[in-house]
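Using UniProt numbering, read the sequence shown as starting at 1 and increasing by one per residue.
Honestly, the hints are just simulated from the structure, not real lab data.
It should be emphasised that the depicted structure is a prediction, and the values quoted were computed from it without experimental measurement.
Just so you know, even glycine gets a beta-carbon here, dropped at the ideal spot from N, CA and C.
In silico BS3-like links for lysine-lysine, alpha-carbon gap of 30 Å or less: (1) Lys323 to Lys333; (2) Lys122 to Lys481; (3) Lys797 to Lys807; (4) Lys573 to Lys917; (5) Lys333 to Lys368; (6) Lys917 to Lys596; (7) Lys393 to Lys78; (8) Lys807 to Lys573; (9) Lys333 to Lys188; (10) Lys78 to Lys323.
Quick list of the computed label-pair ranges, beta carbon to beta carbon: (11) Pro747 to Gly287: 34 to 40 Å; (12) Asp358 to Glu779: 56 to 62 Å; (13) Thr203 to Leu118: 34 to 40 Å; (14) Leu178 to Thr482: 40 to 46 Å; (15) Lys388 to Gly287: 26 to 32 Å; (16) Glu423 to Ala613: 45 to 51 Å.
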Amino acid sequence: MEKIPLPNTSESHPGRSRAYPKSSVRMHFAVGVILRSAFVLVLLLLARNIYGVISFNRRLQYVPQNAKEIWARCQQLKMPAGPPSNFHERTVSDRFEAGTPPTLIRNATIWTGRVNGLEVVKGDILVDQGLIQAIGDIEPAYLNSFAGLVTVDANGAWVTPGIIDMHSHIGVGSLPELEGSDDTNSMKGLTLPWLRSVDGLNTHDQSYELSISGGITTANILPGSADAIGGQAFPIKLRHTHERSTSSMLLEPPFTLNGTHVDPSLPPRWRQMKHACGENPSREYSGTRMDTQWAFREAYNNARKVKEEQDAYCEKAFAGEWKGLGPFPENLKWEALVDVLRGRVKVHNHCYEAVDLDGMVRLTNEFKFSIAAFHHAHETYLVPDLLKKAYGKTPGIALFATNARYKREAYRGSEFAPRILAENGLQVVMKSDHNVLNSRHLINEAQQAHFYGLATNLAIASVTTTPATILGMDHRIGFIKTGYDADIVVWDSHPLALGAAPQQVFIDGIAQLKTPHVTPKPVHAQQAPATPNFDEEARLAVDYDGLPPLEARSIGPQAVFFTNVGKVHMCGKEGEISRILTDSGKTGHVLVKGGKIVCVGSGDSICSKSFKAEAESSQVKIIDLHGGSIAPALTSYGSPLGLAEIDQESSTKDGSINDPLTGTVPKIVGGDGSLIRAVDGLQYSGRDAQLAYRAGVTAGISSPVSSGFLSGLGTAFSTGVFHKLSKGAVLQEETAVHISIGSYTTPSVSTQIALLRRLLGDGGNGPLGEVFRSIVNGELPLVIKVDSADIMATLIKLKQDIERDTKTHLQFTFVGASEAHILAREIGNAGIGVILSPVRPFPSTWKAKRILPGPPLTNESIVSTLLRHNVTVGIGIEESWMARNIRFDAGWVALEAGESNVSYEQALALASTNIAKLLGLRNQNSDLVAVAHGDFLSFEGKPTAIISGNRNTVDLL
Numbered sequence: 001m002e003k004i005p006l007p008n009t010s011e012s013h014p015g016r017s018r019a020y021p022k023s024s025v026r027m028h029f030a031v032g033v034i035l036r037s038a039f040v041l042v043l044l045l046l047a048r049n050i051y052g053v054i055s056f057n058r059r060l061q062y063v064p065q066n067a068k069e070i071w072a073r074c075q076q077l078k079m080p081a082g083p084p085s086n087f088h089e090r091t092v093s094d095r096f097e098a099g100t101p102p103t104l105i106r107n108a109t110i111w112t113g114r115v116n117g118l119e120v121v122k123g124d125i126l127v128d129q130g131l132i133q134a135i136g137d138i139e140p141a142y143l144n145s146f147a148g149l150v151t152v153d154a155n156g157a158w159v160t161p162g163i164i165d166m167h168s169h170i171g172v173g174s175l176p177e178l179e180g181s182d183d184t185n186s187m188k189g190l191t192l193p194w195l196r197s198v199d200g201l202n203t204h205d206q207s208y209e210l211s212i213s214g215g216i217t218t219a220n221i222l223p224g225s226a227d228a229i230g231g232q233a234f235p236i237k238l239r240h241t242h243e244r245s246t247s248s249m250l251l252e253p254p255f256t257l258n259g260t261h262v263d264p265s266l267p268p269r270w271r272q273m274k275h276a277c278g279e280n281p282s283r284e285y286s287g288t289r290m291d292t293q294w295a296f297r298e299a300y301n302n303a304r305k306v307k308e309e310q311d312a313y314c315e316k317a318f319a320g321e322w323k324g325l326g327p328f329p330e331n332l333k334w335e336a337l338v339d340v341l342r343g344r345v346k347v348h349n350h351c352y353e354a355v356d357l358d359g360m361v362r363l364t365n366e367f368k369f370s371i372a373a374f375h376h377a378h379e380t381y382l383v384p385d386l387l388k389k390a391y392g393k394t395p396g397i398a399l400f401a402t403n404a405r406y407k408r409e410a411y412r413g414s415e416f417a418p419r420i421l422a423e424n425g426l427q428v429v430m431k432s433d434h435n436v437l438n439s440r441h442l443i444n445e446a447q448q449a450h451f452y453g454l455a456t457n458l459a460i461a462s463v464t465t466t467p468a469t470i471l472g473m474d475h476r477i478g479f480i481k482t483g484y485d486a487d488i489v490v491w492d493s494h495p496l497a498l499g500a501a502p503q504q505v506f507i508d509g510i511a512q513l514k515t516p517h518v519t520p521k522p523v524h525a526q527q528a529p530a531t532p533n534f535d536e537e538a539r540l541a542v543d544y545d546g547l548p549p550l551e552a553r554s555i556g557p558q559a560v561f562f563t564n565v566g567k568v569h570m571c572g573k574e575g576e577i578s579r580i581l582t583d584s585g586k587t588g589h590v591l592v593k594g595g596k597i598v599c600v601g602s603g604d605s606i607c608s609k610s611f612k613a614e615a616e617s618s619q620v621k622i623i624d625l626h627g628g629s630i631a632p633a634l635t636s637y638g639s640p641l642g643l644a645e646i647d648q649e650s651s652t653k654d655g656s657i658n659d660p661l662t663g664t665v666p667k668i669v670g671g672d673g674s675l676i677r678a679v680d681g682l683q684y685s686g687r688d689a690q691l692a693y694r695a696g697v698t699a700g701i702s703s704p705v706s707s708g709f710l711s712g713l714g715t716a717f718s719t720g721v722f723h724k725l726s727k728g729a730v731l732q733e734e735t736a737v738h739i740s741i742g743s744y745t746t747p748s749v750s751t752q753i754a755l756l757r758r759l760l761g762d763g764g765n766g767p768l769g770e771v772f773r774s775i776v777n778g779e780l781p782l783v784i785k786v787d788s789a790d791i792m793a794t795l796i797k798l799k800q801d802i803e804r805d806t807k808t809h810l811q812f813t814f815v816g817a818s819e820a821h822i823l824a825r826e827i828g829n830a831g832i833g834v835i836l837s838p839v840r841p842f843p844s845t846w847k848a849k850r851i852l853p854g855p856p857l858t859n860e861s862i863v864s865t866l867l868r869h870n871v872t873v874g875i876g877i878e879e880s881w882m883a884r885n886i887r888f889d890a891g892w893v894a895l896e897a898g899e900s901n902v903s904y905e906q907a908l909a910l911a912s913t914n915i916a917k918l919l920g921l922r923n924q925n926s927d928l929v930a931v932a933h934g935d936f937l938s939f940e941g942k943p944t945a946i947i948s949g950n951r952n953t954v955d956l957l
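Input sequences plus hints: build the corresponding full structure.
This is the structure:
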């Protein structure tokens with residue numbers, strides 16, 4: 001540095017030669033020294049400052065021009081994710097569609113989501129500019145300022161926030177299923193955090209309208225679970241926008257869509273990402289859980305290295321160490337995973353079993369990141385304390401209600417998981433995994449969770465406020481609050497009541513149902529159901545590590561006296577169902593002995609006297625039904641119930657048969673003339689069968705599993721016995737012949753029809769020929785799995801041709817039958833029966849896409865349409881776990897159609913006597929179900945006993 005020259009103090013000033021006294025000289029000298037010292041000090045300080053300026057300027061020469069941008073970017077890395085601080089100052093939604101009129105929803109019962117879901121407000125809701133503007137008692141003067149106000153009178157109806165599906169593949173696994181429609185999974189590697197579901201989101205998925213009609217307003221679109229890290233997820237609003245683009249459906253884009261950069265002046269918005277562990281990635285990549293866990297660790301280690309490079313870079317930038325700093329370290333492949341480590345990503349983890357949950361908890365603590373929610377998560381209720389050890393906030397749990405046991409990971413799944421998890425302080429979400437379940441009916445998952453013990457407030461929250469919170473979107477959706485997005489559902493009954501459906505759905509303040517069709521619901525449906533007590537069952541589920549004993553306790557021929565019976569229905573000789581306890585003002589009683597009803601009465605009737613006489617001569621067990629009911633037991637059809645214990649485990653199944661049209665049938669079993677019988681592959685004591693039995697489904701009818709044209713001979717069996725040699729185990733060895741047309745692409749439909757025509761013409765060879773001759777003689781039903789109305793029309797014509805030639809009536813039953821309503825009159829005139837499977841139509845394939853969705857989209861449902869044309873209708877299921885829910889399916893049909901279209905007795909018949917007629921069960925399932933506290937087809941009733949005349953016993957459940 002340059003030295004600053006100091007003044008020369010040895011020189012005298014010119015002209016200053018005057019002498020002073022010695023003392024004065026000394027004084028002046030002292031003063032001079034002081035002044036000079038002060039001056040030097042000032043100069044030194046000045047020099048120091050000048051040096052600092054010079055040094056600073058020298059350093060400035062190394063500062064890059066974009067220093068401010070670098071500092072801003074580095075500062076932004078420290079910002080937590082979330083909305084801007086002024087978000088709720090907005091007066092117009094970013095999703096507002098110009099021209100949308102303001103709307104006033106009057107006279108509503110509003111579940112706001114506030115106060116842990118306990119707040120209910122009676123009043124009005126005003127929406128405008130895509131936002132909720134006011135709630136409660138709204139002054140008329142305030143309303144006058146809203147020009148063109150549209151008024152909707154809710155008439156006291158329940159109103160909730162829009163339903164949020166936190167786990168959906170709608171749009172990426174779009175319907176109907178076509179070869180180019182599945183963008184759910186990539187098979188390019190185990191860890192793919194750089195993939196984005198938005199890049200595969202189809203705006204033309206037929207599911208959008210259907211799901212909206214069920215109250216769904218927002219869905220989190222996840223990549224699939226074939227990979228350990230499947231990619232980034234995006235929450236969307238389901239309504240079609242004016243722009244009609246994928247991007248315009250996004251709820252809150254986390255970054256610019258053509259890049260990954262964010263506005264450094266704002267907090268980053270939450271991102272979403274899919275992880276998966278366990279069977280799926282292991283199966284898809286022929287690896288093991290060890291391989292998957294290593295893939296996780298390797299990926300996170302790569303992300304950690306990038307994060308550490310960025311952090312080191314920013315430390316140097318903040319310290320002004322610019323020389324050699326270079327560009328900001330980035331890696332496009334790993335940037336999303338780096339954001340996970342920075343706590344800016346909601347990780348959604350497909351994970352079932354304790355072993356995998358434990359591995360993921362360890363992973364979070366190793367790499368210091370949080371998991372927003374474990375999805376599917378069938379064993380989480382067994383390990384709640386483990387979940388609380390996860391790094392950061394305890395993950396939420398996203399569940400199915402009763403969908404379980406379809407693979408090993410799901411085998412210990414319990415219907416009591418939602419309540420058990422909630423009791424342990426964990427957040428519970430019910431989800432659809434659309435298309436696994438039809439998200440249109442996501443509210444039914446919440447209803448079932450409530451039925452099995454989840455509190456009312458938490459059950460509604462599980463599809464509204466809780467998913468909004470876990471997604472990090474609770475600043476704008478999931479609540480009915482001023483300033484929130486105007487996503488609102490007006491229900492026709494309490495949202496937890498069976499069959500609840502929207503009267504109207506608003507997304508961003510826009511009414512989504514153009515001409516909603518509303519079926520009047522009974523008064524009791526306006527309140528949350530008074531569900532049964534399952535405390536003991538929930539305790540046993542945990543005590544037995546997810547596999548509690550399910551066997552019923554048989555009391556043999558002992559007499560049983562049922563008291564406080566609200567109503568009794570029984571089957572007549574012709575299969576008709578009628579109510580025989582008709583005094584609705586009083587409860588009655590029923591005496592049973594040897595599994596058969598001896599008498600039914602009320603008050604001091606003959607039945608009471610018979611009970612007293614029986615009690616004097618033998619022991620009588622008394623069961624109080626508390627106003628409940630006794631009804632015919634139900635029969636399951638459509639799934640491999642009784643032929644498979646775990647659908648995705650080949651060792652637990654009977655297996656699939658060889659089909660003559662798609663492969664060679666071994667000669668040793670008869671070649672092309674062979675016919676396989678389902679009865680030979682029956683398995684008993686399966687958990688799905690036992691759960692069905694405990695739900696009043698005491699009979700199953702199954703056919704051999706096939707992936708082609710021919711299935712074989714069906715069989716009827718009891719769901720509640722221990723093995724095939726038990727009394728009453730096989731109800732009928734052979735029921736009907738089962739085939740499928742149009743379900744598979746090869747061979748052609750016309751080839752399949754040609755084979756059927758030949759078999760009906762000359763009958764073919766061997767056992768196959770024999771049964772087809774029985775079909776032509778009208779002695780045996782032919783059950784045809786078919787969805788397309790075009791194929792049905794061909795089959796109707798074929799049936800008419802054969803009947804004309806043979807002068808006999810052929811028994812045809814269509815199964816699946818998604819498009820049967822199109823030919824309802826023709827099907828009825830042809831005397832063909834229909835088993836709807838699924839009972840609530842879903843356009844899963846091209847041949848099943850022309851559905852009749854029912855209210856609120858259409859006035860009639862497919863069931864009521866077919867019944868109106870005198871078609872015998874049954875309801876079926878597709879997977880074994882669904883058997884336990886058949887009673888709710890039947891009750892739902894009646895509620896949706898209305899009592900004038902489908903009576904209670906007709907609803908019972910749909911799942912009992914009609915199934916027997918359509919599938920060739922010669923003797924009706926004679927079992928009865930005793931239900932405590934409520935109706936058999938409702939969320940109030942709890943089956944407590946099976947009355948089996950076939951096995952001469954009463955089984956206590």
